[in-house]
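Chemist: We have chain Y already, so just place chain D on it with the hints.
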Amino acid sequence: DAGVTQSPTHLIKTRGQQVTLRCSPKSGHDTVSWYQQALGQGPQFIFQYYEEEERQRGNFPDRFSGHQFPNYSSELNVNALLLGDSALYLCASSLQTGITTNEKLFFGSGTQLSVL
Amino acid sequence: AQKITQTQPGMFVQEKEAVTLDCTYDTSDPSYGLFWYKQPSSGEMIFLIYQGSYDQQNATEGRYSLNFQKARKSANLVISASQLGDSAMYFCAMRDLQAGTYKYIFGTGTRLKVLA
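Protein chains in written order, with our numbering: chain Y, 1 to 116; chain D, 1 to 116.
With the rest of the complex left out, here is chain Y (with noise of 0.2 Å):
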């Protein structure tokens, strides 16, 4: 049973340039949720996918977009990239089952951006 997989694992960058993250959910999971994740701090969410659409957004400007597949894959873009945009890139997946107790975010290993 694969996990919640992302690409690439490291990525340079310079300052303006735009970078394109990628993630695959778990199987069987309909939900991907992107976090920003500093060094030395805990994740900051940036948004949430389900059903293609984007469904809540955390406090993070317009330069962060993103898209969710049919597949349910997803991908995290970020333009004019600026030097505190270097982090921890992690993806969540998530089952939606109405049971909220029961939806917990499963997580890949991350994408470590640099912006030089």
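Take these hints with a grain of salt, some might be off.
Stated by the list, open to error - Reference listing, derived: stretches of chain D covered by chain Y, where coverage requires no fewer than 3 residues with Cβ under 8 Å from a Cβ of chain Y: (1) 16-28; (2) 105-116.
Unchecked claim - Derived pair list, reagent style SDA-like, types lysine to any residue, alpha-carbon separation capped at 25 Å: (3) K104/Y to K70/D; (4) K113/D to G62/D; (5) K104/Y to Q56/D; (6) K104/Y to S28/D; (7) K13/Y to K70/D; (8) K3/D to N59/Y; (9) K70/D to G33/D; (10) K104/Y to D29/D; (11) K13/Y to S28/D; (12) K13/Y to K104/Y; (13) K104/Y to N67/D; (14) K3/D to G84/Y; (15) K13/Y to E44/D; (16) K104/Y to E17/D; (17) K104/Y to P40/D; (18) K104/Y to E44/D; (19) K113/D to G52/D; (20) K113/D to E17/D; (21) K104/Y to F68/D; (22) K104/Y to T60/D; (23) K26/Y to S28/D; (24) K3/D to R57/Y; (25) K104/Y to L82/Y.
Quick caveat, the hints were computed from the structure, so don't treat them as lab data.
Note that the coordinates shown come from a computational prediction; the quantities given were computed from them, not determined experimentally.
In this text, a Cβ means the ideal position worked out from N, Cα and C, and glycines have one as well.
Modeler: Leaving out everything else, chain D in the frame of chain Y:
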């Protein structure tokens, strides 16, 4: 606003002993869930244990138990019989269980080192 506070940046414990990792939270919502995740150096966040705000008993999952004190707004993680493989970052997280809210709020984490 919701907030998670973890006041212990780092903890040491001797192998086979028990250790308590502290977590306090703040929310005005009556219905919420509290989670603990483990993050090894690989980066993946691993779900450990869940406690719902209306659960009468403290949650347990194998060697993990959650000491839930609702009046004090604390949700401490207790790891019994520590193992070397328990060395990792530990994050406390909260999710508002009201409809339309999907984000998790994470604390800054506690780095646990188990000594042989």
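Chemist: Taking the hints in turn, state whether each one holds.
Modeler: Hints, verified against the model:
With 0 residues bearing a CB less than 8 Å from a CB of chain Y, the stretch 16-28 of chain D misses the requirement of three and the coverage assertion fails. Residues of the stretch 105-116 of chain D lying with their CB closer than 8 Å to a CB of chain Y number 5, which satisfies the three-residue condition for coverage. A threshold of 25 Å between alpha carbons decides the hint, and for K104/Y with K70/D the separation of about 21 Å falls inside it, so the pair holds. Of the supplied pair hints, the one linking K113/D and G62/D holds, its CA atoms being roughly 20 Å apart against a limit of 25 Å.
Simply put, K104/Y and Q56/D have alpha-carbon atoms about 20 Å apart, close enough for the 25 Å limit, and the pair holds. Distance check on the hinted pair: K104/Y and S28/D sit about 22 Å apart at the alpha-carbon level, within 25 Å; holds. Using a Cα cut-off of 25 Å, the hinted pair K13/Y and K70/D is violated, with the two alpha carbons roughly 45 Å apart. Between K3/D and N59/Y the alpha-carbon distance is near 15 Å, which keeps this suggested pair within the 25 Å criterion.
With a CA separation close to 12 Å, the supplied pair K70/D and G33/D stays within the 25 Å bound. In summary, the hint linking K104/Y to D29/D is supported, as the alpha carbons are separated by about 20 Å, within the 25 Å threshold. As the CA atoms of K13/Y and S28/D are separated by approximately 41 Å, the hinted pair breaks the 25 Å bound. Taking the CA atoms of K13/Y and K104/Y, the gap is about 32 Å. The hint is violated against a cut of 25 Å.
Between K104/Y and N67/D the alpha-carbon distance is near 20 Å, which keeps this suggested pair within the 25 Å criterion. Taking the CA atoms of K3/D and G84/Y, the gap is near 22 Å; set against the 25 Å cutoff, the hint holds. Taken as a hint, the K13/Y and E44/D pair is honoured in the structure, with Cα atoms around 23 Å apart against an allowance of 25 Å. For the given pair, K104/Y sits about 29 Å from E17/D by alpha-carbon distance, which is inconsistent with the 25 Å threshold.
Simply put, K104/Y and P40/D have alpha-carbon atoms about 18 Å apart, close enough for the 25 Å limit, and the pair holds. Proximity of K104/Y to E44/D is assessed by CA-CA distance (about 14 Å); at most 25 Å being required, the pair is judged to hold. A threshold of 25 Å between alpha carbons decides the hint, and for K113/D with G52/D the separation of about 28 Å lies outside it, so the pair is violated. For the hint linking K113/D to E17/D, the alpha-carbon distance of about 12 Å falls within 25 Å, and the restraint holds.
Note on K104/Y and F68/D: the hinted pairing holds, with a Cα-Cα distance of about 19 Å set against a maximum of 25 Å. Simply put, K104/Y and T60/D have alpha-carbon atoms about 16 Å apart, close enough for the 25 Å limit, and the pair holds. Annotation: proposed proximity of K26/Y to S28/D is violated, straight-line Cα distance about 33 Å (limit 25 Å). Restraint check for K3/D and R57/Y: the C-alpha separation of about 17 Å stays at or below 25 Å, so the hint holds.
The straight-line distance between the Cα atoms of K104/Y and L82/Y is roughly 32 Å, outside the 25 Å bound, and the hint therefore fails.
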